Amino acid sequence: MSVPTKLQEPHLARRHRIGKAFEWVCCGSTWFGVVVLGVLLLSVGWKALTWPPAKAKPANNSTATVDAQSTSAPLSTKFFSSYDSRKPREAGILAAIWGSLWLIVLVALFSVPIGVGSAVYLEEYSNEGRLKRLIQVNLSNLAGVPSIVYALLGMTAFVKMFGFFTKDEGKSLVINLLFTTVDVPLPFDRTLISGALTLTLLVLPTVIVASQEALRAVPSSIRTASYALGATQWQTIRYQVVPAAMPGIMTGVILALSRAMGEAAPLMLIGALTYVAYTPGDITSVSDIFKNPHGLLDAPFDKFTALPLQIYQWINHPRAEYAHLAAAGIMVLLTILLLMNTFAIVIRHKFQKSTRW
Amino acid sequence: MSLANVASPLTPPKAGLRLQKQFSWVRAREACVRAMLLGCASLSLLTTLAIVYMFLTEAVYSVTPDTTAFFQDVSLWDFLTDTEWSPQFADKHFGILPLLCGTFVIAGIGSLIGLPIGLAAAIYLSEYAKPKFRRMMKPVLEVLAGIPSVVYGYFALVFVTPYVLRPMFQSLLRIDVDIFNAMSAGVVLGVMIIPTVCSLSEDALRAVPRGLREAGYALGSTKYDVSLKVVVPAAFSGIVASFLLAISRAIGETMAVCIAAGQMPRLSLNPFRSMETMTAYMVGASLGDTPAGTIEYKSLYAVGFTLFVITLGMNILANWVMNRFREVYE
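One line per chain: the protein sequences are A and B, in this order.
Counted the way our numbering counts, the first sequence spans residues 1 to 357.
Counted the way our numbering counts, the second sequence spans residues 1 to 330.
A couple of the hints might just be wrong.
To be verified - With beta-carbon atoms standing in for the labels, derived distance ranges:
1) B:Ser268 to A:His11: 40 to 50 Å
2) A:Met161 to B:Ile295: 17 to 27 Å
3) A:Ser287 to B:Ile316: 28 to 38 Å
To be verified - Here are the simulated lysine to aspartate or glutamate pairs, EDC-like style, with alpha carbons at most 16 Å apart:
4) B:Lys130 to A:Glu23
5) B:Lys229 to B:Glu214
6) B:Lys223 to A:Glu213
7) A:Lys20 to B:Asp73
8) A:Lys303 to A:Glu321
9) B:Lys229 to A:Glu123
10) B:Lys138 to B:Glu214
11) A:Lys160 to A:Asp189
12) B:Lys92 to B:Asp82
13) B:Lys223 to B:Asp203
14) A:Lys303 to A:Asp189
15) A:Lys87 to A:Asp298
Said to hold, decoys possible - Some chain B residues close to chain A (C-beta under 10 Å, calculated; not the full set):
16) Ser42
17) Gln88
18) Tyr163
19) Leu173
20) Asp176
21) Val188
22) Pro195
23) Thr222
24) Cys258
25) Ser274
26) Phe325
No wet-lab data here; the hints were simulated from the structure.
Keep in mind it's a predicted model, so treat the numbers as computed, not measured.
Ideal placement from N, C-alpha and C gives every residue a C-beta, glycine not left out.
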């Protein structure tokens with residue numbers, strides 16, 4: 001832009017000054033988020049790596065204090081291998097990590113087939129009719145429902161099953177799987193499966209909308225070519241359209257799962273906020289799965305805790321050490337989420353580069 | 001099949017007669033798959049029905065004769081006008097006003113911070129920023145949007161209150177700042193809605209065609225004039241819709257507010273005191289393990305219903321604004 005002079009217009013210089021100031025304000029606003037993110041990470045990270053300064057201790061247990069001081073930081077290898085404890089310096093997130101892992105796996109198992117199936121129906125089968133419009137409007141409204149309302153729904157529908165079954169009756173559904181049986185308690189009560197189903201309801205709208213966008217981006221020439229070769233509609237979808245839309249679907253699913261991973265409120269109302277000193281199905285390592293394969297089937301019906309819940313519990317604790325444990329838990333959670341986000345971005349990038357149309 | 005329909009080989013089939021489909025396994029599979037996918041798609045309708053059924057039976061009118069719903073015990077008038085919310089005390093009051101007040105004060109502070117910053121960032125990204133900068137910034141904003149709200153609550157509690165609010169207001173202006181206060185919750189809520197506002201508004205701004213901008217330049221406008229007086233008004237519907245969606249998210253936000261603002265229902269406008277929002281009440285009530293059937297338990301549904309109605313109303317309004325006032329450019 002040319003240098004404004006008085007010859008052109010009397011106010012032009014001022015207008016340019018205003019414009020420059022406006023640009024700086026906008027630029028500052030853009031950086032604001034980055035700065036907050038940086039401050040957040042630094043303050044949490046610093047807390048995660050230090051213990052609070054020790055107060056003056058009575059002399060008789062000074063040796064214990066020295067021992068406690070020698071543990072390096074809240075975020076250490078021990079933090080990953082121990083359960084929550086009443087002694088803050090021995091507490092860890094083993095139960096929470098396995099709980100979160102189970103949740104994510106179950107949510108993915110439920111939400112991916114249902115979500116992609118819905119999207120396929122809406123995009124490929126339904127014509128522009130009243131039903132499709134109804135479902136679309138419904139989806140956009142469901143996406144805006146606060147997570148706490150889903151939590152209420154989960155509590156009513158899964159934990160208590162609308163009162164159709166009562167806990168005292170101790171009813172359970174025994175499913176026979178040829179070689180073994182699964183004992184499904186009715187109602188589900190405060191178990192992993194209730195939490196996973198609630199989170200599934202929560203992320204389904206996101207998964208469906210993302211999958212729909214991915215399916216819509218597949219050009220119709222792919223479909224017509226497949227039909228021309230004699231494939232049926234399902235064959236076309238199964239072997240052409242869905243594989244072509246897979247990267248987009250994956251990106252949407254990973255982002256939705258990372259959202260589910262950070263949600264605490266729904267799990268809280270389900271009542272998962274209890275002291276849990278075991279992992280679902282007693283599986284604490286991969287080798288346990290082979291030692292006790294039945295644990296895999298029992299795990300969904302175990303009580304559980306999850307990372308955001310454990311963090312909330314520590315935040316609410318009055319002792320100062322727990323605030324630092326919470327920070328350590330947050331660092332673990334953020335690392336996992338960041339990895340998931342990066343993975344999604346990488347997939348999208350690859351997809352954008354290698355698109356064939 | 002009647003006799004008249006059986007076409008003899010001599011008479012050609014009537015024009016209206018359909019071709020008869022032969023049964024084949026492929027066709028059966030196609031129909032099966034289609035029905036299953038329809039089942040998946042209608043699950044979202046089922047979710048909505050379940051939500052409505054839950055609120056109707058637990059809050060409005062109970063279907064089972066031996067239990068009562070919330071509004072059968074507490075009159076709607078008391079619920080809306082009573083100025084006290086004390087379900088845990090012996091003298092129970094169920095006035096939603098303190099919770100509504102907390103919700104709107106905190107969401108208001110969040111909007112005052114988040115909406116202008118988000119819009120300014122959107123204007124910068126769409127009008128001023130170089131494409132490279134934009135490509136770099138977008139993922140950062142996505143990360144910001146992906147941070148769980150528990151983390152924001154913790155941030156408000158251990159950083160915003162002691163290192164930002166207390167030095168600013170307590171040391172300089174001599175205003176008492178509680179450990180749990182509405183202000184810190186509002187500040188982090190503002191940060192949380194920035195990505196929503198920014199990405200939705202930016203989409204609206206970028207949808208404004210180049211021609212409008214160039215016409216502005218041709219008339220001698222500066223970039224500032226074009227951005228603020230041409231592009232922003234042209235994208236107004238999208239921006240308003242993004243604002244409404246962000247506010248509705250702020251109202252429904254749970255964990256950050258619950259951690260940062262505390263759980264003290266209070267009908268006041270002082271943002272430096274502890275306040276309770278509707279969402280925070282629901283979390284707090286569920287922590288105490290309230291037994292089903294008690295009035296405290298049913299109040300969960302009444303509060304949830306209020307929240308649901310408010311956020312649904314705002315979302316519908318946002319969609320309506322988007323469709324009604326959208327400028328369609330060729």
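Next on the checklist: Please verify whether Lys130 (chain B) and Glu23 (chain A) have alpha carbons no more than 16 Å apart.
Outcome noted: holds (13 Å)
Item to check | Proposed proximity, Asp203 (chain B) with Lys223 (chain B) (alpha carbon, max 16 Å) | outcome: violated (19 Å)
Item to check | Holds or violated: Lys20 (chain A) to Asp73 (chain B), with C-alpha atoms at most 16 Å apart | outcome: Violated, at about 61 Å.
Item to check | Hint consistency between Lys92 (chain B) and Asp82 (chain B) [alpha-carbon to alpha-carbon, up to 16 Å] | outcome: holds (11 Å)
Checklist entry - If you take the shortest Cβ to Cβ gap from Ser274 (chain B) to chain A, is it below 10 Å? => result Violated: closest Cβ of chain A sits about 14 Å from Ser274 (chain B), beyond 10 Å.
Next on the checklist: Take the shortest C-beta to C-beta distance between Leu173 (chain B) and chain A; is it under 10 Å?
Outcome noted: violated (23 Å)
Checklist entry - Going straight from one Cα to the other, do Lys223 (chain B) and Glu213 (chain A) come out at no more than 16 Å? => result violated (34 Å)
Item to check | Supplied contact hint for Cys258 (chain B), tested at 10 Å Cβ to chain A | outcome: Cys258 (chain B) check passes; min Cβ-Cβ to chain A is 8 Å, inside 10 Å.
Checklist entry - Is Lys303 (chain A) close enough to Asp189 (chain A), meaning Cα to Cα at most 16 Å? => result Status holds; Cα separation ~9 Å.
Checklist entry - Quick one, are Lys87 (chain A) and Asp298 (chain A) close enough, alpha carbons at most 16 Å? => result violated (30 Å)
Item to check | Range hint compliance [Cβ, Ser268 (chain B) to His11 (chain A), 40 to 50 Å] | outcome: holds (46 Å)
Checklist entry - Is the hint on Asp176 (chain B) kept, meaning its closest Cβ partner in chain A is under 10 Å away? => result The hint is violated - Asp176 (chain B) has no Cβ within 10 Å of chain A, the shortest such distance being about 21 Å.
Hint compliance for this structure: hints 3, 6, 7, 8, 9, 10, 13, 15, 17, 19, 20, 25, 26 are not met, and every other hint is.
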